[in-house]
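Peer 1: All chains should be modelled from the sequences, with the hints used to inform the complete structure.
Number of protein chains: 2
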Amino acid sequence: MAKRAYPLSKVYGLLEPGPVLLLTTAHRGHANVMAMSWHTMMEFEPPLVGCVVSGRDFSFAALTATRQCVLNIPTVELQLAVVGCGNSSGRRVDKFERFGLTPVPASTVDAPLIAECYANLECRVVDTRLMNRYNFFVLEVQQAWLDPSCKDPRTLHHRGRGAFMVAGETIKLPSKAK
Amino acid sequence: MAKRAYPLSKVYGLLEPGPVLLLTTAHRGHANVMAMSWHTMMEFEPPLVGCVVSGRDFSFAALTATRQCVLNIPTVELQLAVVGCGNSSGRRVDKFERFGLTPVPASTVDAPLIAECYANLECRVVDTRLMNRYNFFVLEVQQAWLDPSCKDPRTLHHRGRGAFMVAGETIKLPSKAK
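Protein chains in written order, with the numbering used here: chain V, 1 to 178; chain B, 1 to 178.
Each hint should be verified, as a subset may be incorrect.
In silico DSBU-like pairs for lysine-lysine, Cα to Cα no more than 30 Å straight-line [what the hints assert, rightly or not]:
no.: 1; chain 1: V; residue 1: K151; chain 2: V; residue 2: K178
no.: 2; chain 1: V; residue 1: K151; chain 2: B; residue 2: K172
no.: 3; chain 1: B; residue 1: K178; chain 2: B; residue 2: K3
no.: 4; chain 1: B; residue 1: K172; chain 2: B; residue 2: K3
no.: 5; chain 1: B; residue 1: K151; chain 2: V; residue 2: K151
no.: 6; chain 1: B; residue 1: K151; chain 2: V; residue 2: K172
no.: 7; chain 1: V; residue 1: K172; chain 2: V; residue 2: K3
no.: 8; chain 1: B; residue 1: K151; chain 2: B; residue 2: K178
no.: 9; chain 1: V; residue 1: K172; chain 2: B; residue 2: K172
no.: 10; chain 1: V; residue 1: K10; chain 2: V; residue 2: K172
no.: 11; chain 1: B; residue 1: K176; chain 2: B; residue 2: K10
no.: 12; chain 1: V; residue 1: K151; chain 2: V; residue 2: K3
Quick caveat, the hints were computed from the structure, so don't treat them as lab data.
Peer 2: Structure below.
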């Protein structure tokens, strides 16, 4: 899988459909990964992403301390890794090793990219005003990577209690919107 | 289509997959509807939803003045209405009439439900701290309605520039998460 740098102006099209993400952090020499569905675009360019990371998640401390992370977008082939990451804690498990995920150095942050994900977004935390009340972080995407061979990614979309919708066909409509 | 009240504790499962929404408002006797993809869950119960409504949208003034709206979830059958709403402004068009959408009175807010949408979430604005900087609103869902016959809704998921992913199959995985 040869990934290429992807224009920041097009990042919104990767996240707007609402896929489950794998969020990676690195803190004190320890990399971790968690599954996350609570995210939204907040600005086109530079791309801003709002997301909720629970204070109960091991990643919360790493994210607040380092203010860096990577948002990795998995496809259906990684379904067991996604669920495994959600079912376990980085306090006790090296999730990369356990679930066969390959960490790759990022270019602008210390958190690793996940090689098996078709897209990776290197991010920094730029606003924490809603962190105390809602565990809500505003991230700015610094650098994006994409596997250009993956045109219609079969992303996972969480419906709750183990149910995931898998991305279906893409249709083209006469929209004038960005 | 007979809709039933839907438990607030299960609302997250409707929004987490990331569907395009139709947001309705009512202000000074004028109801309006806009298409929206920038939203995220922020709390399970009571359900909190964060969303971005641009200051350029006609709905922005109604939302800030009334602090009320309804989030309606359309399926693929409403694709032309969704795109039509996105391509036009409530300043000039009665979008309900133009796109064949039926407004139905809500129970807790003045904004109308859209009859043709399989789910409707009546909301109030509860936090505007990020409104000035990002046009970001935190909504609390007051009342939810669902068409119980729609088990696997073929929702629309915006990929940008007229491309929409249509929800595919749902798979069941051994997740312990909510």
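Peer 1: Output the indices of the hints that this structure fails to meet, ascending.
Peer 2: none
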